[in-house]
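A.B. asks: Taken in order, these protein sequences are the chains called D and A. Following the working numbering, the numbering of the first sequence begins with 40 at its first residue and continues without gaps. Following the working numbering, the numbering of the second sequence begins with 1272 at its first residue and continues without gaps.
In case anyone wonders, no lab produced these hints; they're calculated from the structure. Some clues are possibly wrong.
Stated by the list, open to error - Derived DMTMM-like pairs: lysine to aspartate or glutamate, alpha-carbon spacing no greater than 20 Å straight-line: (1) 296/D - 1390/A; (2) 1319/A - 1492/A; (3) 1319/A - 1380/A; (4) 296/D - 1490/A; (5) 1464/A - 1380/A; (6) 1464/A - 1347/A; (7) 299/D - 1496/A; (8) 299/D - 1336/A; (9) 299/D - 1509/A; (10) 337/D - 326/D; (11) 306/D - 317/D; (12) 1464/A - 1333/A; (13) 1413/A - 1436/A; (14) 1319/A - 1347/A; (15) 1421/A - 197/D; (16) 1421/A - 1390/A; (17) 296/D - 278/D; (18) 337/D - 1419/A; (19) 1413/A - 73/D; (20) 1319/A - 1419/A; (21) 1421/A - 198/D; (22) 337/D - 241/D; (23) 337/D - 1390/A; (24) 233/D - 326/D; (25) 1465/A - 1347/A; (26) 306/D - 1380/A; (27) 299/D - 278/D; (28) 1464/A - 1353/A; (29) 299/D - 1490/A; (30) 296/D - 1492/A; (31) 296/D - 317/D; (32) 306/D - 278/D; (33) 1319/A - 1418/A; (34) 296/D - 1496/A; (35) 299/D - 1492/A; (36) 1465/A - 1333/A; (37) 1465/A - 1336/A; (38) 306/D - 323/D; (39) 233/D - 103/D.
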Amino acid sequence: MILCLVDGDPVSLEALTFARELGDVEALIFEETDVDGYTARARRVVHPRLGDYAPEAWAQAIVELEPEVVVAPGTDRGHEVLAHVAARLGVPLAANVVAAATDGDALQLTRQRWGGSLLEEARLTGTPKLLTVAAHAVVAQPAGVTTTTEEFTPSLADEHFVVRVSGREQPTAGTVRLDTARVVVGGGRGVGSKEGFELLEELANLLGGAVGGSRVVTNLGWRPHSDQVGQTGARIAPDLYIACGISGAIQHIVGCKAAKRILVINKDQSAPIVARADWAVIGDLHEIVPAIVAELRKNGV
Amino acid sequence: MCVKRVPETGARITLTGDAQAIDTSLLGFTISPHEECAVEEALRIVGKHGGSTTVLTLGPPDAAEQLQNAMAMGVDNAVLLETDGSDWNAEATAAALADAISAQPELFDVLLFGNEAADTGDYQVGVRVAHALGLPCVTGIKGIAIEDRKLTARREAGGGWEIFELPLPAVVTVKEGINLPRYASLPGRLRAKKTPIARIEPQPRASALETIRLVVPPEQETHAEILAGAAAAPRVVEVLRELGLVVTS
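Could you put together the complete structure from these sequences and hints?
C.D. replies: Now the structure itself:
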């Protein structure tokens, strides 16, 4: 059996799409996600003690089903739960896989290193085979099948609830999330100061988007770390990424390469990020961004 | 806390001739970013609650440099699990670290890791060590508070936060952003040079996940439409309109 963990994050649907290439997949739904059409069979995990996320309880549910292959989304939860399964069973975990092919009893894998700026080709043997799928490595696509869902109640004990979510803080109302925004306006060292980001905020607000920053910018304290786009921050996948004053170190590129289009505003045409761009406006962002804002306002935005 | 020595890569990664490793002949090395924050967090915890800190790393003899960097920041003790420099798999790394931690004479309350190493990105060594030592564990943490032998950890989730409470001793893997690591002071550097590093020679073990080769993804062709300065604003707005991103009121 190929089991695919569904953790509530939309990346789960990418993982399901990926897992289908390996054979018949059963979705194991821990947190409500509409998997209709993605897989013929699904199990919804139900247990009176499973109110909120508890990594070892989720791992126990997977172990109990004795799968041959487990695919999970490359999310915090996907990585954490499969690491628990791997540690309990003493088997490897291949994290952030971008391609997999069956080779007899083995799987030939390609996985990300360095956040995706380097790839590793590897061979995975043994049972069960555990892998997470890198976020945005595949496009989620339903298979046009009818999904039959049944309930599954794992055997859980106190030991599985030592670590669990005991409280939540909700996001501030009205904020646009970086990882789901349609437009992200990103700033780098070229923005020049904390105050310089007000220009980017204004543009992002007009477009209903979010503001992000490079690692330099979060390390300088110009933006909170939660705004960082890159290997040690958020992986974004907007329709448009507007990169202002960002040179494009590989650690930043891996965070924004899933953007459908990239518009660069930079004074240096030879900056590495220009090679990734669809459009590049060469010049001073402190003049260009206000000009774009003015043009948008002129157009009634 | 456990840290990893990783190369400081530039704009592009170059591989060795056999495609088994990164060509580091022209690169410097650093503590992997999440783990540098683990070092800082350990120092802050001890600064607040008292106690001492020990840093461990598994790596080549040169990884002593990263242990000294951590001691220069203020860490008290260092242990090097010395390898021949080859890449160790996550299972072998975790087993060696768990053995070394069990052998430490002092009891510990908190064991910190980075969420994932910058280079191999395996996302699992901390969890494996926690299982080997029979300790509770939580990953991807960007906030830690300790009170009454209880550790409260915060993780970003869906734009908000989820909160975990763990009894001590516990294993926590942290992410960059939990703090801003301090710079090493000059006295710290001098003291670090004088502090001896304990050395262990662990035994590697094979994994059922075997690396065949590394591949640098192909460079993309430049295809950008190049525009000039503020005068390009009307064209930019036209692009925004084509993408359906301009909503007029």
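A.B. asks: Now look at each hint and say whether the structure bears it out.
C.D. replies: Cross-check of the supplied hints:
1. 296/D - 1390/A: Distance ~18 Å between residue 296/D and residue 1390/A Cα, so the pair holds.
2. 1319/A - 1492/A: It is violated: about 52 Å lies between the C-alpha atoms, which goes past 20 Å.
3. 1319/A - 1380/A: holds, 14 Å
4. 296/D - 1490/A: With Cα atoms ~12 Å apart, residue 296/D and residue 1490/A stay inside 20 Å; holds.
5. 1464/A - 1380/A: Between residue 1464/A and residue 1380/A the Cα gap is close to 27 Å, so the pair fails against 20 Å, i.e. violated.
6. 1464/A - 1347/A: holds, 12 Å
7. 299/D - 1496/A: Given pair residue 299/D, residue 1496/A holds - Cα atoms ~15 Å apart, limit 20 Å.
8. 299/D - 1336/A: This hinted pair is violated, its Cα atoms lying about 41 Å apart.
9. 299/D - 1509/A: Distance of about 17 Å is within 20 Å: holds.
10. 337/D - 326/D: OK: residue 337/D and residue 326/D at ~17 Å, within 20 Å.
11. 306/D - 317/D: Roughly 16 Å between the alpha carbons, so the hint for residue 306/D and residue 317/D holds.
12. 1464/A - 1333/A: At roughly 14 Å apart (the allowed maximum being 20 Å), residue 1333/A and residue 1464/A satisfy the hint.
13. 1413/A - 1436/A: holds, 14 Å
14. 1319/A - 1347/A: Given that 20 Å is the threshold and the Cα spacing comes to 16 Å, the pair holds.
15. 1421/A - 197/D: Satisfied, since the Cα-Cα distance of roughly 18 Å is no more than 20 Å.
16. 1421/A - 1390/A: Violated - the C-alpha atoms of residue 1390/A and residue 1421/A are around 32 Å apart, more than 20 Å.
17. 296/D - 278/D: holds, 11 Å
18. 337/D - 1419/A: violated, 60 Å
19. 1413/A - 73/D: Outside the cut-off at roughly 30 Å; violated.
20. 1319/A - 1419/A: holds, 13 Å
21. 1421/A - 198/D: holds, 17 Å
22. 337/D - 241/D: holds, 15 Å
23. 337/D - 1390/A: violated, 48 Å
24. 233/D - 326/D: Distance of about 17 Å is within 20 Å: holds.
25. 1465/A - 1347/A: holds, 12 Å
26. 306/D - 1380/A: Distance ~50 Å between residue 306/D and residue 1380/A Cα, so the pair is violated.
27. 299/D - 278/D: OK: residue 299/D and residue 278/D at ~5 Å, within 20 Å.
28. 1464/A - 1353/A: holds, 18 Å
29. 299/D - 1490/A: Distance of about 17 Å is within 20 Å: holds.
30. 296/D - 1492/A: holds, 14 Å
31. 296/D - 317/D: Holds, at about 12 Å.
32. 306/D - 278/D: violated, 24 Å
33. 1319/A - 1418/A: holds, 11 Å
34. 296/D - 1496/A: Between residue 296/D and residue 1496/A the Cα gap is close to 18 Å, so the pair holds against 20 Å.
35. 299/D - 1492/A: holds, 16 Å
36. 1465/A - 1333/A: The hint holds at about 16 Å.
37. 1465/A - 1336/A: holds, 13 Å
38. 306/D - 323/D: holds, 6 Å
39. 233/D - 103/D: violated, 51 Å
Against the hints set out earlier in the document, violations occur for numbers 2, 5, 8, 16, 18, 19, 23, 26, 32 and 39.
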